[in-house]
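Put together the whole structure using the sequences plus the hints.
As you go down the protein sequences, you meet chains A and B in turn.
Residues in the first sequence are numbered consecutively from 1, following UniProt numbering.
Residues in the second sequence are numbered consecutively from 1, following UniProt numbering.
Mixed in with the good hints, there may be bad ones.
Ranges of calculated distance between the beta carbons of each label pair, as one might list FRET restraints [claimed, not checked]:
| id | chain 1 | residue 1 | chain 2 | residue 2 | range |
| --- | --- | --- | --- | --- | --- |
| 1 | B | Q649 | A | L64 | 28 to 36 Å |
| 2 | A | F7 | B | L660 | 16 to 24 Å |
| 3 | B | G646 | A | C16 | 32 to 40 Å |
| 4 | A | Y88 | B | F654 | 32 to 40 Å |
| 5 | B | Q649 | A | R86 | 20 to 28 Å |
| 6 | A | L64 | B | Q631 | 55 to 63 Å |
| 7 | B | Q631 | A | H6 | 28 to 36 Å |
| 8 | B | L660 | A | Y88 | 15 to 23 Å |
| 9 | B | F654 | A | I29 | 53 to 61 Å |
Hints listed in this document are in silico derivations from the structure and should not be mistaken for laboratory results.
The beta-carbon is built from N, C-alpha and C at its ideal position, and this holds for glycine as well.
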Amino acid sequence: MITLTHFLVVSACIFCIGLYTVIAKRNAIMILVGIELMINAAILNLVAFGKYDKLNYSGQIFALFAIVLAAASVAVGLAIILNVYRHYKTINPDNITDLRD
Amino acid sequence: MNSLLTISPIGASILVVLLPLLAFIIQAVLGKKSTSGIWSLAAISISTLLSGIFVFAQVWNGTALQVDYSWFTIGEKTFNVGILLNNLTVLMQFIVCIIALPVHIYSKAYMKGDAGIHRYWMYLSLFCFAMLGLTISKNLLLMYIFWELVGFASYLLIGFWYTKESAVQANKKAFLMNRIGDLGFLIGIAILFNTFGTLDIVDILGKDGLLYQGIVDQNSGLMTAAGICFFLGAMAKSAQFPLHLWLPDAMEGPTSVSSLIHAATMVAAGVFLLSSIFPLFNGTVLLIIAIIGTITAVTAAIFALAQYDIKKVLAFSTISQLGYMMVAVGIGAWDAGMFHLATHAFFKCLLFLSAGALIHEMAHLKAHNNGDFDPQDLRNMGGLRQYMPKTFVLMTVASLALAGFPLTSGFLSKDAIVISAFEWAMQKGGVHLLIPILLVLVSILTAFYIGRLIFKAFFGKLRVSNLEAPALHEAPKTMLLPMAFLAVCSLFFVFSFNPFSYANSGILNGLAVQYSFTEIHALHTIIPITLTLTALLSWWLGYNWYVKGTYPLQANSSWMRFAQNQFGMNEWMEKTFVAPTLLLGKASYWFDKYLVDGLVNGASYVIRKISEIITWIDKHIVDGIVNAVAQLAYELGNAFRFVQNGRLQNYLGFTLTAVLIGIIYLILR
Chain A
1 MITLTHFLVV
11 SACIFCIGLY
21 TVIAKRNAIM
31 ILVGIELMIN
41 AAILNLVAFG
51 KYDKLNYSGQ
61 IFALFAIVLA
71 AASVAVGLAI
81 ILNVYRHYKT
91 INPDNITDLR
101 D
Chain B
1 MNSLLTISPI
11 GASILVVLLP
21 LLAFIIQAVL
31 GKKSTSGIWS
41 LAAISISTLL
51 SGIFVFAQVW
61 NGTALQVDYS
71 WFTIGEKTFN
81 VGILLNNLTV
91 LMQFIVCIIA
101 LPVHIYSKAY
111 MKGDAGIHRY
121 WMYLSLFCFA
131 MLGLTISKNL
141 LLMYIFWELV
151 GFASYLLIGF
161 WYTKESAVQA
171 NKKAFLMNRI
181 GDLGFLIGIA
191 ILFNTFGTLD
201 IVDILGKDGL
211 LYQGIVDQNS
221 GLMTAAGICF
231 FLGAMAKSAQ
241 FPLHLWLPDA
251 MEGPTSVSSL
261 IHAATMVAAG
271 VFLLSSIFPL
281 FNGTVLLIIA
291 IIGTITAVTA
301 AIFALAQYDI
311 KKVLAFSTIS
321 QLGYMMVAVG
331 IGAWDAGMFH
341 LATHAFFKCL
351 LFLSAGALIH
361 EMAHLKAHNN
371 GDFDPQDLRN
381 MGGLRQYMPK
391 TFVLMTVASL
401 ALAGFPLTSG
411 FLSKDAIVIS
421 AFEWAMQKGG
431 VHLLIPILLV
441 LVSILTAFYI
451 GRLIFKAFFG
461 KLRVSNLEAP
471 ALHEAPKTML
481 LPMAFLAVCS
491 LFFVFSFNPF
501 SYANSGILNG
511 LAVQYSFTEI
521 HALHTIIPIT
531 LTLTALLSWW
541 LGYNWYVKGT
551 YPLQANSSWM
561 RFAQNQFGMN
571 EWMEKTFVAP
581 TLLLGKASYW
591 FDKYLVDGLV
601 NGASYVIRKI
611 SEIITWIDKH
621 IVDGIVNAVA
631 QLAYELGNAF
641 RFVQNGRLQN
651 YLGFTLTAVL
661 IGIIYLILR
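In C-alpha cells:
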C-alpha cells in the first residue's frame, strides 16, 4: 500500500537532488534543470495532497498551473542564460562574480 | 675785522670747544677717504688761536665771566649748563690747546702711512673736544660728562692698534680703573647735590657760595666723604697710587697720544678738578691727598729707575710728577700744582715726542735691517747723539726741565711745590716733615732716572750691533718743529722773567692762592740750591755709571727686578681684585647656568614630561577606544566579507545553511 508518506519521501528526495544540482553544478543550464526538479518535487506534493480533495481536484489543477508557470519561468531563465552567455562568453556561475563586494 | 675782534670770550670759548667736535664729525663722515687729518689740524689751530687771543688774553687777570643756559628740569630743580671763565679755567684751556697743536702737527709725520690714520684723527679730535669742554664746564654734571668722554677717547686711543693683544688688554685695564674713579666722582656729585641742591661750581664754592652759608659743617663726615670721592675720581684719572697701574700700560697707544693724553693733558685733569673744587676739601681730605701724592711720587720714581722701555720710564715719571701736583693740592698750594701742571705739560710732552722720534728711527732701523729687537728698549739704543743731534738737544732740554735745573721751567715749579711743602710741614711740624723730605728724595731720583735715560739712549755706542747704522737719521721737520716749540716753552722765561724765583711767575700771581702757612725766606735759597746740587750729583753719577761703564750694581739683582715689576703690584692687583672678580663672575655664571637656567630648564623639562604623558594617554587611551571600536567593526566586516564573493550558488548554500539551522533549532526546541 502506497501511503502519502511514500510520496512525500520521494518528493523530498527529488527536492534534495534538485537542491544539490542548483548548488553544486558548474553549468547554468544544469542549475535550471535543478530548479525544474525542485518545482517538480513541489508539484508532486501538490498532487499527493490532492488525495484529500476529491471533490475539486484542486491539487492537480494547482499542479497544472505550476507546470505552466515552471515552463514560463524556464523560458525566462533560458533567455537570461542566453544573454549572460552573450555578455560573459561563459555560463559557469563561478566565473560570473559581479555581485562580489 | 672789528666785528671779529669784538667776539666775546664766552662765545670764543664755546667755539674753541666745538671746533674739534666739528672736525670729529667731519672726519667720522669722511672716514677712510680723509687721511691727511687736515680737518683736525685746522680745528685745533683755530681753537688755539681763539683760545689764546679771545679767551686767555681777555680773561686772564680780568674779571671772571660766566654764563648759564637752562638744560632740563626735574620736578622743581632746573639743571643749568654753564661756562665759567676765570683764571684757572682759561689757563687750563689754553694749555690744552697749546699742547694739542704741536702734537697734531707732530702726528702728521709720526702717524704717516698708518692704516688706521683716519680713526686716529677722529679720536684725537674727539679727545680735544672733550678735554677742552672739561676745562670750562661750570656745572659738575657737565664736567662729569666731559670727564667720561675724555676717558672714552683715551680708551679708544690706547687701543688704537687694536690688533695687538697687549693694546687691547691695556685699554681695557685703563677703562676699568678709570671706572673706579668715575664712580667716586659720581658719588661725590650725588653727595653735593643732596647737600646743596645744585651742582654749579660757582654757586657752591664761589665767594659767597652755599658752602659758606652754614648749610653743612665743612668738617662733617659727609663733606669728608664727598671730598674723598672727588679725590678718588682724580686718583684714577691722574694715576695716583694705587690706581696708577693703568698708565704704564697705556703706553701701548701711539707715542703722540701718550704725549698729549697720558702725559700732558688728560692725566692732569684730576689735578685740575681738585683745583677747581678746592674749597670743598677739609683738613682730613687734604692730608689724605698729600699722603697719597707723596706715596705716588716716591713709588713711581723708584719704578722708573728700573724700567728699560723708554716709554715706561716716561710714564712712571709722569705718575711721579702727578704725585707732586697732588701734594701741592694737598698742602693747599694748588696754584703751585697748576703751575707744575703747566710746566710739566710742556716738558713731558716734549720728552714723549722726542722718545717718539727715537722709537720712530729705531723702528726704521729695525725694518731696514730686518732686525729682531724691541725699538722701545733702552738697552738697544745708545750713541744716538751722532745720528740725531737735534733730537738730542731738544730732549736734553726737556730732561733738564724735568730734573729741575735752573733756567728751566721745571726748576721754578718744582721748587714752588717743594718749598711750599716745607713751609707747610714746618707749620704743622712733626711727622708732616716726612712729606717734603720724601719729595726732595723723589727729586733726586727723578734727576737720576731721566739722566739714565739720556745717557743710555744718546751716549756710548749703538747697542744693536752689526747693523747698518746710517739708516738712522734726524726726524723730519714736521716732527722737529713742534718739538722745538715745546723746548722753548720748557724754558724759564715763558713762565717767569726771573729764572731763579718762582714768586713772580705769571701763573702763581694769576691764581693768587692764600696759603695757610707762613713763608720762610731761608728755604727759598736753600732748597733750590740743594735740589740743583743733588740733581747735578745724580747726573754725574749717572754719567759715570752709564757712559763710562763703571756700573756698580747687579743689573739682574732681585731689587732691580722688583722695581721693574713695580713691586709686583700688577700681580697683586691681579690676585686680589681681578682673580676674585673673575671667580665671582664664574660663580655667577655657574649660578645662572645651573640654578637659574636649571630651574627654568627643569620646569620646562617637567612640563614637557607631563605633556608627554598626556599625549600618551590621548593617543593610546582616548584615541585607542575610538580606534578599537572602529577596528572591531572593520574586523567583523572583514571576517564576513568572504560571504560576498559574488557566486550565486554560495549565496544559496548560505541561505540553505541558515534555513537548516533554523529547522534544526525548531526541531530541537
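**Asked** Going through the earlier hints one by one, which of them does the structure break, listed in rising order?
**Response** 3, 4, 7, 8 and 9
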